[in-house]
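Model the placement of chain Z on the given structure of chain S, informed by the hints.
Chains as they are written, first to last, in the working numbering: chain S, 17 to 140; chain Z, 17 to 140.
No lab work stands behind these hints: they were computed from the structure. Given the structure is predicted, the values throughout are model-derived calculations rather than measurements. Cβ coordinates follow ideal geometry from the N, Cα and C atoms, glycine included.
Pairwise CB distance ranges, derived in the manner of DEER restraints: (1) Z:72 / S:75: 40 to 46 Å; (2) S:96 / Z:103: 18 to 24 Å; (3) S:17 / Z:77: 30 to 36 Å; (4) S:34 / Z:39: 45 to 51 Å; (5) Z:87 / S:42: 26 to 32 Å; (6) Z:127 / S:99: 17 to 23 Å; (7) S:87 / Z:72: 30 to 36 Å; (8) S:35 / Z:38: 52 to 58 Å; (9) Z:127 / S:100: 17 to 23 Å; (10) S:102 / Z:42: 34 to 40 Å.
Here are the chains, one letter per residue:
2 protein chains.
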Amino acid sequence: MTTDTRALVTRFWATANARDWPAFAALLHPELLYRVPQTRERVRGREAFVDFFATWPGDWTAQVRTLIAEGSQAVTEIEFLVDGQAMTGISFFECEAGQVRTVIDHWPEPYEPPPRVCVHVERE
Amino acid sequence: MTTDTRALVTRFWATANARDWPAFAALLHPELLYRVPQTRERVRGREAFVDFFATWPGDWTAQVRTLIAEGSQAVTEIEFLVDGQAMTGISFFECEAGQVRTVIDHWPEPYEPPPRVCVHVERE
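The following block holds chain S by itself, in its conformation from the complex (with noise of 0.2 Å):
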């Protein structure tokens, strides 16, 4: 099942950056959840989803970076690169029947640390 749910993620990933809709579809349930907590986003359904990821603005590519799999679940970390630009996103998958049935998204930002107590802190 692990195998399976490995797969299928990386066949999302490579579907949506090839702009393969339909086979991007297929690996979708048709109740899909999508959320989005930092920003209370939400889509839902296989259609609205797809139209979500066709729709998104600028030439962008999603390499994969990590991919945990386990079970049902699945992480990715990716490098989302869009005119130039670079992000973090953080993809948790939840996958029944082989088909991708939930994904939650993260989007952590830059930010500029607070003072730490501990003094063995450092900066890249």
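Okay, now just chain Z, sitting in the frame of chain S:
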């Protein structure tokens, strides 16, 4: 190996929440590397990392909401509760010889979404 990684990461958060620093330290590789890409912060070595946790201000608890482990890798999504406030933390773990070798933390903050082309995006 996935089972060992899952047990190790579960124990990581349990001993941290219990402030059992000797037990916490025993889970860590001497050359542990901790990174926060958002702030470019880095902590190197077991002792420094234990100090980083032990000196964290406030009465905090990490509640593990998601844990996905595969081979020597794992990710946790935690609700980090500190003095009545809740933050989401996402930690990627790389393990080696039964110890935690690398931890990469992300702290995604709420933000206002940009305008969307897709008309199917709702707000929760």
